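Read top to bottom, the protein sequences are chains X and D.
Position 207 of the first sequence, counted from 1, bears residue number 207 in the UniProt record's numbering, the numbering being contiguous throughout.
Position 163 of the second sequence, counted from 1, bears residue number 163 in the UniProt record's numbering, the numbering being contiguous throughout.
Misleading hints may appear alongside valid ones.
Here are the simulated DSSO-like cross-link-like pairs (lysine-lysine), alpha carbons at most 27 Å apart as the crow flies [unchecked claim]:
{"id": "1", "chain 1": "D", "residue 1": "K253", "chain 2": "D", "residue 2": "K531"}
{"id": "2", "chain 1": "D", "residue 1": "K466", "chain 2": "D", "residue 2": "K26"}
{"id": "3", "chain 1": "D", "residue 1": "K390", "chain 2": "X", "residue 2": "K288"}
{"id": "4", "chain 1": "X", "residue 1": "K11", "chain 2": "D", "residue 2": "K427"}
{"id": "5", "chain 1": "D", "residue 1": "K466", "chain 2": "X", "residue 2": "K235"}
{"id": "6", "chain 1": "D", "residue 1": "K427", "chain 2": "X", "residue 2": "K7"}
{"id": "7", "chain 1": "X", "residue 1": "K211", "chain 2": "D", "residue 2": "K399"}
{"id": "8", "chain 1": "X", "residue 1": "K288", "chain 2": "D", "residue 2": "K405"}
{"id": "9", "chain 1": "D", "residue 1": "K81", "chain 2": "D", "residue 2": "K26"}
{"id": "10", "chain 1": "D", "residue 1": "K390", "chain 2": "D", "residue 2": "K412"}
{"id": "11", "chain 1": "D", "residue 1": "K399", "chain 2": "X", "residue 2": "K235"}
{"id": "12", "chain 1": "X", "residue 1": "K235", "chain 2": "D", "residue 2": "K23"}
{"id": "13", "chain 1": "X", "residue 1": "K211", "chain 2": "D", "residue 2": "K405"}
{"id": "14", "chain 1": "X", "residue 1": "K123", "chain 2": "D", "residue 2": "K179"}
{"id": "15", "chain 1": "D", "residue 1": "K332", "chain 2": "X", "residue 2": "K121"}
{"id": "16", "chain 1": "X", "residue 1": "K235", "chain 2": "D", "residue 2": "K390"}
{"id": "17", "chain 1": "D", "residue 1": "K412", "chain 2": "D", "residue 2": "K427"}
{"id": "18", "chain 1": "D", "residue 1": "K349", "chain 2": "X", "residue 2": "K123"}
{"id": "19", "chain 1": "X", "residue 1": "K235", "chain 2": "D", "residue 2": "K349"}
{"id": "20", "chain 1": "D", "residue 1": "K399", "chain 2": "X", "residue 2": "K288"}
{"id": "21", "chain 1": "X", "residue 1": "K211", "chain 2": "D", "residue 2": "K26"}
{"id": "22", "chain 1": "D", "residue 1": "K131", "chain 2": "X", "residue 2": "K211"}
{"id": "23", "chain 1": "X", "residue 1": "K288", "chain 2": "D", "residue 2": "K427"}
{"id": "24", "chain 1": "X", "residue 1": "K211", "chain 2": "D", "residue 2": "K385"}
{"id": "25", "chain 1": "D", "residue 1": "K81", "chain 2": "D", "residue 2": "K179"}
{"id": "26", "chain 1": "D", "residue 1": "K412", "chain 2": "X", "residue 2": "K211"}
{"id": "27", "chain 1": "X", "residue 1": "K211", "chain 2": "D", "residue 2": "K349"}
{"id": "28", "chain 1": "D", "residue 1": "K81", "chain 2": "D", "residue 2": "K144"}
{"id": "29", "chain 1": "X", "residue 1": "K123", "chain 2": "D", "residue 2": "K81"}
{"id": "30", "chain 1": "D", "residue 1": "K144", "chain 2": "D", "residue 2": "K131"}
{"id": "31", "chain 1": "X", "residue 1": "K121", "chain 2": "D", "residue 2": "K349"}
Footprint (simulated), chain D over chain X, 3 or more residues, beta carbon under 8 Å [as the list claims (entries may be wrong)]:
{"id": "32", "stretch": "202-214"}
{"id": "33", "stretch": "218-229"}
To be clear, the hints were calculated from the coordinates, so they are not data collected in a lab.
On a predicted model such as this, the values are computed, not experimentally measured, just so you know.
Quick reminder that beta carbons are idealized off the backbone N, C-alpha and C, glycines included.
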Amino acid sequence: MKNLWQKLVDKYGYPKVFITILLIILLIIAIIQKQSVYGLLKDSLVRIGMNSVLVLAMVPSIVSGTGLNFALSIGIICGLIAGCITIEMNIVGLKGFLTAVLISIPLSVMAGYLYSILLNKVKGDEMTVGTYMGFSVVSLMCIGWLLLPFRNPEMVWAIGGRGLRTTITLANKYDKVLDRLITLPNVDLPIGTFLFFAVCCFFIWLFLRSKTGIAMMAAGSNPRFAQASGINVDKYRTIGTILSMVLGGIGILVYAQSYGFFQLYTGPLMMPFAAISAILIGGATARKASISNVIAGVILFQSLLTISLPVINRMMPEGNLSEVVRIIVSNGVILYALTRVGGNE
Amino acid sequence: MGENKNTYIIELREIEKEYYGNKVLKGVSLAVKPGEIHALVGENGAGKSTLMNIIFGMPVIFSTGGFTGEILFEGRPVEIKSPKDAMELGIGMVHQEFMLLPGFTITENIKLNREILKDNVASRIFGPKLKTLDVAAMRKDAKKALNELGMNVDEWLPVAGLPVGYMQFVEIAREIDKKNVKLLIFDEPTAVLAESEAEKLLDAMKMLAAKGIGILFITHRLNEVLAVADNITVLRDGEKVGSMRKEEASVEKMAQMMVGRKIERVEKSKGRVEKSSEVILSIRNLYVDMPGEEVKGVNLDVYKGEILGIGGLAGQGKIGIANGIMGLYRAKGEVYKNGKKIELNNPRKAMENGLAFVSEDRRGVNLMLDESIELNIAIGAMQVKGMFLKPLLGLNWIKLLDERKVRENALKYIKELDIRCTGPTQKTRQLSGGNQQKVCIAKALVLEPDILFVSEPTRGIDIGAKKLVLDLLVKLNVEKGMTIVMTSSELGELRSICDRIAIVYDGKIEGILSPQDSDTDFGLMMAGEYKSHSKEEAL
């Protein structure tokens, strides 16, 4: 027994094993509480699809050596701006979603490039700097959302007519365009979103196996090694940061189409943390990450959140304990990962 | 040794010390009398520092299992378990790297933790912890100590802006200000000093000795030894190979004892192509800004098909040469390969020009410890030469990793270099030092270099593996005609496989020797005395 435990921990790491056990316990309680397990699993799948691309955005940044992208909110903001632009232009449906993705890319590239200049000057402290950079940009954009010259009455405040609302509904725009892209009879699952996520994963997987991707991996794995192998470390860190921001922008659009709303202002503030927790639970570290970490992580983390909410609320109806559990788990796993940044030497 | 033992301040008897099964001191004995300057000379790694650490009770000694042997202080056996014990006995140490607080004044540094205190109102009520510093008295003491050393510097100045030489004196002043000091240990005190400052320091040492303080002086500057020491002990490989009085000593004699002959030249090339006189690489006026291994104007020619050794003591700059040429540290000067100038400060250009480098920092620079053997071997050639790539679906602008070729290549080198591993996908972190080194060499060989730079190829690997690595270098040289430039701290190793050996001293080439040249010449060159010495002889 002890042997098996040790083997599991060695192979999958503490976070993955613990979260899986917690998940199983929650599911058993859910069954005892006579909750609809089918409903819980379905909700989990929706949330998994919703968050998947945001979690994938962590991969390029970890692989290129800039660590977990705590400033992913910058990419998220780029995606939100692009989304608002398409609404302003009144492009709806799948076309609207894809237009938003296309518009977000140049914005994210620009933001990622500027941010990487900063990152290349603070080597070793990327994650601390990134956290505050993310916070600052979110705060700055709180002013931005008020000042940007959007006119569409569906987006701006009803009274006064200036400044974007905190929540913009996507009903009649591109609400669930990916989720419902492919529908099977009697099955209501976000198949389209999963497909989109799979395509993104495939491209990242391909990229990591290209000459550029491998150079980026070397730059992240051991910068001095990379330099001695003729690799321009700063260049590949820049590429990794840009890629992460682009995926962040696309990720929020995927998130929003499934969720049905854009959340502006402080909405993006804590979003990077959820993505970070997910990839860490999936077995990534601040130095090493793979597509399989993303998939495992987003499944475990999002099902945990989705299932714990009704189960714990039934157990203790007073207060919102499930929210507390979410915060403990997501911050706990980040803390755990950060203590292990130095590796196991 | 017929004298009364009580006349010695310190006497070491049969000191032995092991680090992880590796004997670094093999029964060393020495004794210092009051007023005597006793010099301890030896190469890097001869055991000098370990011996000093034992006398000073440094924690590193006890955390690695202690030592055997006996220490007598003023005739009584003592146990020195910590630097505090040593200080209480009256042993002072002047460190090679200054142990001073830069923001504090000279007085504060000298009196640190031994401040003179005086009562005030608060301390009378609340106890002695609240006593004030008696700055005037402290300054007086500091001034006195500085005067004793012949120093004319204001004692209230902060240490931060002082010239290096002054800092050394402040450090000494701190030691002599301790009232009971009977033995002072100087650990390469002149290493960072200019010549005039060094002279002043030597004068100060003589003066201290004249006051009856015993001095143990560690150095590898042999002329300084002759200038001040009364007795000299030479260490080599943890053994005391000689001790002599000043009158019997000469620079040559010490140099020869220091170097000795360690490895016989066993692998002398058989059927090797006669070395050509064609210069493949010429280095002109190379300066490299590598901390601790600065290169200050090296001129060197490398002949095609030779194994050129670069030797010298640590910190003299031998390591910096290869690092500078390969672009890993900022360099200036000119490097020509086959008459064509190579761009410096650009590792990629160096590799494209047929140079490859196995760095001295195996785990830090040479390997990605968390990646597989096969990827480690392939990555340099992939990035620089575009090897191991295949187009995606016939599209030439997207190049993907060709796993099959990477695997084949790794298997080839694993077999050829006999890398002991579980397979090409094993992480390099899990390999032993010797096998890691082979992976590094394989990585360099994939680039098919004309010139291979190897730095400290045998550092930190066990004796059996050492021989394998050296044999491999010879094999590459003989069979593939590869020109090899090998940098090593181990002279014996250089002499066993190199055709010529350049000795670096103070950032410059002191001279080039053949491996068959005498120990004396090697010793003199390493100590930077060769030129001045041969001049004297010519006169």
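Hint check results:
no., hint, in the structure
1, K253(D) / K531(D), "holds, 16 Å"
2, K466(D) / K26(D), "holds, 22 Å"
3, K390(D) / K288(X), "holds, 25 Å"
4, K11(X) / K427(D), "holds, 15 Å"
5, K466(D) / K235(X), "violated, 38 Å"
6, K427(D) / K7(X), "holds, 19 Å"
7, K211(X) / K399(D), "holds, 6 Å"
8, K288(X) / K405(D), "holds, 25 Å"
9, K81(D) / K26(D), "holds, 21 Å"
10, K390(D) / K412(D), "holds, 20 Å"
11, K399(D) / K235(X), "holds, 18 Å"
12, K235(X) / K23(D), "violated, 47 Å"
13, K211(X) / K405(D), "holds, 14 Å"
14, K123(X) / K179(D), "violated, 48 Å"
15, K332(D) / K121(X), "holds, 25 Å"
16, K235(X) / K390(D), "holds, 23 Å"
17, K412(D) / K427(D), "holds, 17 Å"
18, K349(D) / K123(X), "holds, 25 Å"
19, K235(X) / K349(D), "holds, 17 Å"
20, K399(D) / K288(X), "holds, 23 Å"
21, K211(X) / K26(D), "violated, 53 Å"
22, K131(D) / K211(X), "violated, 69 Å"
23, K288(X) / K427(D), "holds, 14 Å"
24, K211(X) / K385(D), "holds, 11 Å"
25, K81(D) / K179(D), "holds, 21 Å"
26, K412(D) / K211(X), "holds, 22 Å"
27, K211(X) / K349(D), "holds, 18 Å"
28, K81(D) / K144(D), "violated, 31 Å"
29, K123(X) / K81(D), "violated, 41 Å"
30, K144(D) / K131(D), "holds, 24 Å"
31, K121(X) / K349(D), "holds, 25 Å"
32, 202-214, "holds (count 5)"
33, 218-229, "holds (count 8)"
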